[in-house]
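*Asks:* Make the full structure from the sequences, and use the hints.
Protein chains: 2
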Amino acid sequence: MIGNFIYHTPTTLYFGKGAIRDLPEVLGRYGKRVLLTYGGGSIKKLGLYDKVKELLRDFTVVELSGIEPNPKYDPSVITGAKLCREHGVDVILAVGGGSVLDCSKAIAACALYDGEGWDLISGKVQAQGALPVVDIITLAATGSEYDMGCVISHTALCDKRGYLDEHLYPVASFLDPEYTFSVSKWQTACGTADAINHVLEQFFAAPHSLFNDGVMISALRSLMTNVKIALEKPDDYAARSELMYVCSWGCNGILANGAGYSGWPMHAIEHALSAYFDITHGAGLAVITPRWMEEILSDRTMERFVTLGKDLFGMDGAAPEVETAHRVIAAFYDFFASIGIPMHLGELGVKADKIGEMADHILSHDSTDEPWMFAPLSREALIRILQASM
Amino acid sequence: MIGNFIYHTPTTLYFGKGAIRDLPEVLGRYGKRVLLTYGGGSIKKLGLYDKVKELLRDFTVVELSGIEPNPKYDPSVITGAKLCREHGVDVILAVGGGSVLDCSKAIAACALYDGEGWDLISGKVQAQGALPVVDIITLAATGSEYDMGCVISHTALCDKRGYLDEHLYPVASFLDPEYTFSVSKWQTACGTADAINHVLEQFFAAPHSLFNDGVMISALRSLMTNVKIALEKPDDYAARSELMYVCSWGCNGILANGAGYSGWPMHAIEHALSAYFDITHGAGLAVITPRWMEEILSDRTMERFVTLGKDLFGMDGAAPEVETAHRVIAAFYDFFASIGIPMHLGELGVKADKIGEMADHILSHDSTDEPWMFAPLSREALIRILQASM
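For the protein sequence lines, the chains are A and B, in the order given. The numbering of the first sequence is this note's numbering, which starts it at 1 and goes up by one. The numbering of the second sequence is this note's numbering, which starts it at 1 and goes up by one.
No wet-lab data here; the hints were simulated from the structure. Keep in mind the model is a prediction, meaning the values are calculated, not measured. Wrong hints could be hidden among the right ones.
With the Cβ distance kept under 8 Å, some of the chain A side facing chain B (calculated, not the full set) [unchecked claim]:
hint : residue
1    : G3
2    : L13
3    : N257
4    : H344
For glycine and all other residues, C-beta sits at the position ideal for the given N, C-alpha and C.
*Replies:* Structural data, given as structure tokens:
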């Protein structure tokens, strides 16, 4: 069944080799003063920085560089918003991965808000608008280029928040797979693990439909197949183009229109891990995934595991259901290990003595124990998942 | 591989039981003067007419009723455009199936054009704008509710045209599966056949990708499974909701972003059939489909048939390819026959003596023999398809 939903994604995707040729025309719709945001030097090594500056020769460009992974409210968002106000910026151009784009979305909202920006991000105040954001994405992962969300960390509060608002959809996203050829094996694996997790967060929900199940399983198959090709041959355009496109579908709900919202419990857990230990998001998700699956396996969720076993992994439909479920869980564990992700949180720098504190943090920030969730997680369940993940 | 594309669908979908409660708020964004368009009396029998009038009690409503299947430029489009101009209409509300909506889209463009409206529809002049169109769709079929196209017939010219323009996307589409419970078996079958054909027109194209193939096969599986349930039990909400949702994806390109445009050859052929004999669009497509498949089967297209055989029909991957292809073609023939569609054009009223004339018509209107097409069709090929379909 397809349940009730309202769906609209205002973002225009410009996809493919050479797509950024349309950048000046697109930016020009919003004005002539651009805040160009990026991270470290990778876009300079790619030659993308020079290319963008050349395309923007008729624009006034203000720059904000050095945006960090797990982008921080202080200093990045605060600084960016201040630059927008000081220079009367018309449009933000984010060039880089999901962190740069997420930070730019937060800047876009905070720039038009007179109070403390964190009040928007933490949900205390609702944004009345945001500057338009255009992006050139250089990493296939978060899907931020096609959704209305961003994730921002507040170091002083030890807080990492998912911030969702209709105003945060990019107006246009440029996706050229060639810009992902130089992405490291580690980032390629972690980005794909992130996207796989986005699909699974939506797959484990109700109601189901034959159509959405097939779309999500197709996304999983494409991600799991193409990441192996890209790791082997980083400049394989076909593989990189599928990874880039499928990742963009991760978070805008299109994969599961009319399926209930699951509450995205694995993301709730991972946000605590990243807030406490600043680990790579996709790696944290990969480690949690099989342990979360073990925890939620029940009569109620069994059908989801069996469908994955049959339709994704081609397992024998006649096998006992619980056996299939455990084989599915093992298959995800083995898959993530096979693409080079260490499958224990300890290896990522997480300390076991913080598990109780993180469980409390998760419950106070994301309420993973709501009865409406597909598989609610109590404090004890969270602790079991984290302990098993160590 | 995902090839280059630009993708954006501005339409907002309001999906599910009771969704039309939001209608006044949505229409109110555009103004207070509404042209309400519909066909025969079916929306009155449904109680939908009264419900809509009640929801529109604070609006000024002008009505255009009697819009026919295969909607005609003269009188429907001409009359509707005149009404819009005379009454200063702000927004068009189409209530009904794809024909009502297609007609309303053409009205929306023609209302803002001072010259002869057919010049827009026939592509001689490009529209500079269109009135906003909102729809309540009561038939799962064309996908017009989520695309920028309409198909309009010009009786005097014996012409049936697909008219595509960015201005023709509905601004909002209301899809309540309950309004399709009373759709007849014939219309349910033909609507689904239309949607299946939309997927196949996009599946037989290049380049392919693992992801898009999976999405399209999921669409086919959902349509083919759920139509049987809906024919058996017309008020099965789960089946009707999947049919309605999947049909809406048919024509906006989302099923095959980055796959090349195939040229939609089966639609080119069917438009000639409908223009000459006013047959039901979905029925015409169903009859043509297996004959078109036989005609285009070649070394170049073989892989597409084999993928359908393996992934849609679960056929043995080890069988000889050409055997699989013929089994796929037979499976589609049998499927359409099983949902009650007569599989010979003669049964639909088509006369064999017009085949040559129709082949000329197809080539002059849709140029199915372009070398860029996935499977170009010469005049001889068109004649073979039509003859085999008789």
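*Asks:* So which of the earlier hints does this model not fit?
*Replies:* 4
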